Amino acid sequence: MQRFINNPDEVVEDTVKGFVKAHAGIVRLGSSNPRVIAARHAPVPGKVGVITGGGSGHEPAFIGYTGRNMLDAVAVGELFSSPTAKSFLDAAREANGGKGVVCLYGNYAGDNMNVKMAIKLAAKEGIEIATVVANDDVCSAGPDEREKRRGVAGEIFMWKCAGALAAEGASLDAVQATAQRAIDNCRSIGVGLGPCTLPAVGHPNFLIEPGTMEVGIGHHGEPGVRVEPLKPAADIARDMVKIVLDDHALAAGTEVVVLVSGLGATPVNELYILNDTIEAEIVGRGLTIHKTYVGNYFTSLEMVGATLTVMALDAELKRLLDVDVDCPARL
Amino acid sequence: MQQFDNASAGDIVLSLADRIIENRAYLSEIDGKIGDGDHGVNMAKGFGMAADRIRGNDMSLASAFDTLGTVLMTEIGGSMGPLYGIMFTQFAETIEASPSIGADTFGAMLGSGLEGIQTIGSAKVGDKTLLDALVPAIEAFNGANAAGKPFADALDAMAAAAEQGRDSTRDLVARIGRASRLGERSVGVLDAGATSCALILATLASGAKQKLLKSATAGH
Chain A
1 MQRFINNPDE
11 VVEDTVKGFV
21 KAHAGIVRLG
31 SSNPRVIAAR
41 HAPVPGKVGV
51 ITGGGSGHEP
61 AFIGYTGRNM
71 LDAVAVGELF
81 SSPTAKSFLD
91 AAREANGGKG
101 VVCLYGNYAG
111 DNMNVKMAIK
121 LAAKEGIEIA
131 TVVANDDVCS
141 AGPDEREKRR
151 GVAGEIFMWK
161 CAGALAAEGA
171 SLDAVQATAQ
181 RAIDNCRSIG
191 VGLGPCTLPA
201 VGHPNFLIEP
211 GTMEVGIGHH
221 GEPGVRVEPL
231 KPAADIARDM
241 VKIVLDDHAL
251 AAGTEVVVLV
261 SGLGATPVNE
271 LYILNDTIEA
281 EIVGRGLTIH
291 KTYVGNYFTS
301 LEMVGATLTV
311 MALDAELKRL
321 LDVDVDCPAR
331 L
Chain B
1 MQQFDNASAG
11 DIVLSLADRI
21 IENRAYLSEI
31 DGKIGDGDHG
41 VNMAKGFGMA
51 ADRIRGNDMS
61 LASAFDTLGT
71 VLMTEIGGSM
81 GPLYGIMFTQ
91 FAETIEASPS
101 IGADTFGAML
111 GSGLEGIQTI
121 GSAKVGDKTL
131 LDALVPAIEA
141 FNGANAAGKP
151 FADALDAMAA
161 AAEQGRDSTR
171 DLVARIGRAS
181 RLGERSVGVL
191 DAGATSCALI
201 LATLASGAKQ
211 KLLKSATAGH
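Each protein sequence line maps, in turn, to chains A and B.
Per the numbering used here, the first sequence runs over residues 1 to 331.
Per the numbering used here, the second sequence runs over residues 1 to 220.
Since the hints were derived computationally from the structure, they do not count as laboratory data.
The structure displayed is predicted, hence computed values, not measured ones.
Backbone N, C-alpha and C fix where the C-beta goes; we use that ideal spot for every residue, glycine too.
A portion of the hints provided could be inaccurate.
Dumping the calculated EDC-like pairs for lysine to aspartate or glutamate here, alpha-carbon to alpha-carbon at most 20 Å [to be verified]:
(1) B:K124 <-> A:E145
(2) A:K116 <-> B:E115
(3) B:K124 <-> A:D314
(4) A:K17 <-> B:E75
Facing chain A, from chain B, some residues (calculated, C-beta under 8 Å) [claimed, not checked]:
(5) G32
(6) V41
(7) K124
(8) V187
Which chain B residues stay away from chain A? Per the calculated CB distances, all over 12 Å, these [as the list claims (entries may be wrong)]:
(9) D5
(10) S8
(11) D11
(12) G78
(13) L83
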């Protein structure tokens, strides 16, 4: 294991410390909890607070999306492990401007439990937390079980739309409804070429045989729907587009946003290679690409692989998505 | 009737921590087969932190459970933090007002721990989770107690049923949590949560039995 770490048990502490130093103009540590990152400007009185939380190791997610017109606060978990209920509660406190808080998170067992407990604790202090649970990962469950699907990179678009709407002064109900519509309009797929290792564990937590790839892999190496021989990028890109769009009946002419994210150890140039075919395929299906993001937006430690997210736009989502943001991640 | 003092039994939680810490690598190894491989790491971290706060403070069993539950819930996170956290804080609340703990109190304690888990988790027996060890263990304890068996025998029945329940997870398909993504591929491997739960219950049983012996020799 060749890694830049100090103590393997303190990877998250050390990450957060360096992160806050790098982006001190935008973010700060939670006032009473070092496992919370808050926007410098938060809380904004009279604004719905927008928060999320999740395990670490996905940087720049989740903390990198804290900032103006984006997330007000983020609960930080151990690597690949849900933040505590207390951290979700403290994130809600940091974000609470008196108009309620919306917690927009992924569909993982630990997050579900800790958010549930945080909602109860927050209610005791008069903070209302509404939630939207992301489920954009197409391969994590069938179309008849969408409620079981995991949330992945589509969460970024959900945060962006909700963050922009909240900044306009919208109500808690409106922000929640728009966040829900944003994630409902997203579909994602991951392809893994190589595994990742939690430093405290010291060995890869799953295997991908050389010369093969895992289609539909999850953000922690959850198994995909099939393992097959590694193919040329154009073929993989075509498969990714097919899986994502076959799950999402979009009328010709629909405007979409495309996100191609690396999983941590894939060179960015290869993401562009994928995107070349991805865009051609999407356009070939009669859709219009409004905007494309290519880079490491939502990673999984040093996993080799990439994800594709396609979000269908309507007029409101397009307007919100185009609002400028100021957060550590490049958006 | 067999019972032991609540006030002097906090050290049972220290032995729980010792056993979890001893099994850090083993629990992570099992978890690594179908999960992230961090179960032992996170459990050892939480139980170790709790032990540091309990050690030397001459705590009652109720306070020691409360300390452990609070640490797990507020500082560990993941799935196991809230699940075990709520179980131990419920244990604490149930026995708090009882100066001595007999089989009925102990059974009530186990039951409220399970209820707590069920308020936040949605797993059922057979889903390949810690409930596969916990639920049969509680049933065995209550069954033995209802049949008029001594407290110590009921504890033995609890530990044995927990271990059997743990072993039953080997043949189960995971239906919840990260391992559930594996579907059929999760068969053949023990569930890490059921394994740590069986370890906790067995250690709890032997700790409580030692206290019962002490009470008996002290003439209680």
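Cross-check of the supplied hints:
A threshold of 20 Å between alpha carbons decides the hint, and for K124 (chain B) with E145 (chain A) the separation of about 19 Å falls inside it, so the pair holds. Under the criterion of a C-alpha separation no larger than 20 Å, the hint pairing K116 (chain A) with E115 (chain B) is consistent with the structure, at around 16 Å. As the CA atoms of K124 (chain B) and D314 (chain A) are separated by approximately 41 Å, the hinted pair breaks the 20 Å bound. A threshold of 20 Å between alpha carbons decides the hint, and for K17 (chain A) with E75 (chain B) the separation of about 18 Å falls inside it, so the pair holds.
Using the Cβ-Cβ criterion of 8 Å, the hint placing G32 (chain B) at the interface with chain A is satisfied: the shortest such distance is roughly 6 Å. The criterion of a C-beta within 8 Å of any C-beta in chain A is met by V41 (chain B), whose closest approach is roughly 5 Å, and the hint holds. Given hint, K124 (chain B) at the interface with chain A, is violated; its Cβ is 14 Å from that chain's nearest Cβ, farther than 8 Å. Look at V187 (chain B): its Cβ only gets to about 14 Å from chain A, farther than 8 Å, so that hint breaks.
Non-interface call for D5 (chain B) relative to chain A: holds, since the shortest CB-CB distance, roughly 32 Å, exceeds 12 Å. The claim that S8 (chain B) is not at the interface with chain A holds, since no C-beta of that chain comes within 12 Å of its own (minimum 31 Å). Distance check for D11 (chain B) against chain A: the nearest CB is about 26 Å away, which clears 12 Å, and the non-interface claim stands. Annotated as non-interface, G78 (chain B) brings its C-beta within 12 Å of a C-beta of chain A; the closest such distance is 4 Å.
In this structure L83 (chain B) is not separated from chain A by more than 12 Å, as the shortest Cβ-Cβ distance comes to only about 7 Å.
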